[in-house]
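Undergrad: Chain by chain, the residues:
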Amino acid sequence: MARLRVSVHKFSSCDGCQLALLNRVEEVMRLADRVEFVHFAELGYVDPDAPVDVAFVEGSVSTPEEEIRIRELRKNARTLVTIGACATAGGIQALRNLQTDGREWVAAIYPSPAYVSLLGASHAISRYVAVDLELWGCPVDSRQVFSAIHDLALGVRPLNPGDSVCATCKREANVCVLVAHGEPCMGPVTRSGCGALCPRFGRACYGCYGPSEQVNSVALTQRFASLGLGPEAIARRFLSINNAAGPFAEAGLRAKEPR
Amino acid sequence: MSRQPGVRSSMVFLPRERLSALMDHLRSEGYRCLGPVVRDGAIQFASLAQADEFPIGWRDRQEKGSYALQAAGDARMFAFANGPQGLKPWLFAPRETLWRVDGRKAALAFEPAEVEDARLAVIGARSCDLAAMAIQDRHFLGGERPDGAYAARREGLFVVAVNCTHASATCFCASTGDGPATRDGFDIALTELDDGFVAASGSERGARALADLGLASAGDVREAEARARVAAAGAAQTRALPGRDLQAALFANLMHPRWDEVAGRCLSCGNCALVCPTCFCHCEREEVSGDGTSAEHYREWDSCFSEGHASIHGRQVRPDIRSRYRQWLTHKLGSWHDQFGRSGCVGCGRCITWCPVGIDITEEAAAVCGAATP
Chain H
13 MARLRVSVHK
23 FSSCDGCQLA
33 LLNRVEEVMR
43 LADRVEFVHF
53 AELGYVDPDA
63 PVDVAFVEGS
73 VSTPEEEIRI
83 RELRKNARTL
93 VTIGACATAG
103 GIQALRNLQT
113 DGREWVAAIY
123 PSPAYVSLLG
133 ASHAISRYVA
143 VDLELWGCPV
153 DSRQVFSAIH
163 DLALGVRPLN
173 PGDSVCATCK
183 REANVCVLVA
193 HGEPCMGPVT
203 RSGCGALCPR
213 FGRACYGCYG
223 PSEQVNSVAL
233 TQRFASLGLG
243 PEAIARRFLS
253 INNAAGPFAE
263 AGLRAKEPR
Chain F
25 MSRQPGVRSS
35 MVFLPRERLS
45 ALMDHLRSEG
55 YRCLGPVVRD
65 GAIQFASLAQ
75 ADEFPIGWRD
85 RQEKGSYALQ
95 AAGDARMFAF
105 ANGPQGLKPW
115 LFAPRETLWR
125 VDGRKAALAF
135 EPAEVEDARL
145 AVIGARSCDL
155 AAMAIQDRHF
165 LGGERPDGAY
175 AARREGLFVV
185 AVNCTHASAT
195 CFCASTGDGP
205 ATRDGFDIAL
215 TELDDGFVAA
225 SGSERGARAL
235 ADLGLASAGD
245 VREAEARARV
255 AAAGAAQTRA
265 LPGRDLQAAL
275 FANLMHPRWD
285 EVAGRCLSCG
295 NCALVCPTCF
305 CHCEREEVSG
315 DGTSAEHYRE
325 WDSCFSEGHA
335 SIHGRQVRPD
345 IRSRYRQWLT
355 HKLGSWHDQF
365 GRSGCVGCGR
375 CITWCPVGID
385 ITEEAAAVCG
395 AATP
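Which chain is which? The protein sequence lines are H and F, in order.
With my numbering applied, the first sequence corresponds to residues 13 to 271, in that order.
With my numbering applied, the second sequence corresponds to residues 25 to 398, in that order.
Worth flagging that the hints you see were computed from the coordinates, not collected in a lab.
As the structure is a prediction and not an experimental result, all values here were calculated from the model.
From the three backbone atoms N, C-alpha and C, an ideal C-beta is built for every residue, glycine too.
Among these hints, one or two may not hold up.
Said to hold, decoys possible - Simulated restraints on C-beta separations:
| no. | chain 1 | residue 1 | chain 2 | residue 2 | range |
| --- | --- | --- | --- | --- | --- |
| 1 | F | Ala99 | H | Gly242 | 25 to 31 angstroms |
| 2 | H | Glu269 | F | Pro170 | 55 to 61 angstroms |
| 3 | H | Gly167 | F | Gly394 | 28 to 34 angstroms |
| 4 | H | Glu225 | F | Asp126 | 45 to 51 angstroms |
| 5 | H | Leu110 | F | Ala175 | 28 to 34 angstroms |
| 6 | H | Gly167 | F | Ala137 | 53 to 59 angstroms |
| 7 | H | Arg215 | F | Ala252 | 52 to 58 angstroms |
| 8 | F | Ala256 | H | Leu110 | 56 to 62 angstroms |
| 9 | H | Gly240 | F | Pro170 | 31 to 37 angstroms |
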């Protein structure tokens, strides 16, 4: 059986999702007889324009160069998989989309903003090209990425459950931090996949996996308000890592509106 | 539904400090002891090494969408209603391998998952837990192909039940007919008094365990006090379903505007179904091994609030929260009667407490069924 040709590409991101692979380098080695990494700069393979069976894409499209590059990449990849919140929903950097002039932030950060070439907004990969599979999370979960590689190597459509973090908490017997501790947990509207990492340690979910498959943000907003959160605090719960993901963007902007 | 004559011994008195002797007896019979403990701000079932790990002096305060513990400072071990989960996770595992397939040979080799054979003694199961277990027994063991893993765990289960002497504000087992007194399904049933427990056996092995401890008769006064305390816990319940068989009333009201109204409040997170001790829905999935040579076929708790549950051959038959909540409620309180000859609700109140937005099954049922209920 021919090996699956795989590439890993970086766009506007922190590189953290590539670590989902690199943190398990022994598991990467075990893939060797089934998977050939053609381009994966952090692993030492550089051939960004090579045609591949599967391209994993980290990061959002936020520069003119990236817009050109993602369109070329799509032509070279039979299957395109986004990994992480940036590639899937625009990332934390999409917060600049909410500013009337995103350039102000660039000027506040860089000594010579003129050298920074930016698109008007930071967007998910799917805004520019068709995406075959979107893996959420900040960062993505290693197990989920490897599971996707194993499935794709066998020609099977990977699992990508969109049920709530609550479902994971209940399977893991985590005590609900919202019900038992009054924490403003995003779990009821956030998709599973992280193993309910935060609630497992008594912390409220902050939505890094993005919206679950069926979001009722109005009901959760009301619940947060009853816990004592004001409009700005509620908006921040939604307008965080996945601020540009549809249901979270809507909820966050709604919370900010004066009543 | 009465106990088998001859199986039940006369009631004996178990002083509180001798509960550890009962645990020792169970361990000597090869059982691991499981009981309620305070963990992460809730009372949950966990392995117990000693009797002082019980939630001594703790009370639970449960309301719609809220749960809190309070220290009362007394010696009571079971003066609370219930925790987030009952016996379900210990019998119907949240995730379980069903079979494995090995692809290294010329032909695929399918192997059933090994069935664990562990003895588990649960101390502190309540009447609602036992009523729910009876329903799950029918589901997993009642058909032509009993579930092997469930059957093995059920076979290895020793139940020390506790009759409830405290009701939380979310309890309504009296209205479903499932409590607060246990009827059957236990090996030993305890009722807690100030200085210990009135104990009765419900099986031969339960009778043997009590006999082994050489306990004195409880006496009429203690037996009467135990009955009175359990009756008071039933009388203290403030919630009730509007009837035991709501099937006709629910299905006559499938287009009731209340379904739209509740859909506006429901998060469709699935918590109600996942904490429900009778819900048995699950999904089945495959996971490929790290070297790609084998795969595990497993099942995992699912609920009627997930996309996958109502996705049939790529078509979504319940596309919105309204239809999903309606499915949950009309199955639980309605079509369950066709399936099991009773309602699927045992009145434990977990779906009310653990709903993040406090949706109350008793309120919703009353609103949908209206005055038309029997």
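Undergrad: Give a verdict on every hint.
TA: Evaluated hints:
| no. | hint | in the structure |
| --- | --- | --- |
| 1 | Ala99(F) to Gly242(H): 25 to 31 angstroms | violated, 44 angstroms |
| 2 | Glu269(H) to Pro170(F): 55 to 61 angstroms | holds, 57 angstroms |
| 3 | Gly167(H) to Gly394(F): 28 to 34 angstroms | violated, 54 angstroms |
| 4 | Glu225(H) to Asp126(F): 45 to 51 angstroms | violated, 33 angstroms |
| 5 | Leu110(H) to Ala175(F): 28 to 34 angstroms | violated, 56 angstroms |
| 6 | Gly167(H) to Ala137(F): 53 to 59 angstroms | violated, 25 angstroms |
| 7 | Arg215(H) to Ala252(F): 52 to 58 angstroms | violated, 44 angstroms |
| 8 | Ala256(F) to Leu110(H): 56 to 62 angstroms | holds, 58 angstroms |
| 9 | Gly240(H) to Pro170(F): 31 to 37 angstroms | violated, 50 angstroms |
When each numbered hint is compared with the structure, violations occur for hints 1, 3, 4, 5, 6, 7, 9.
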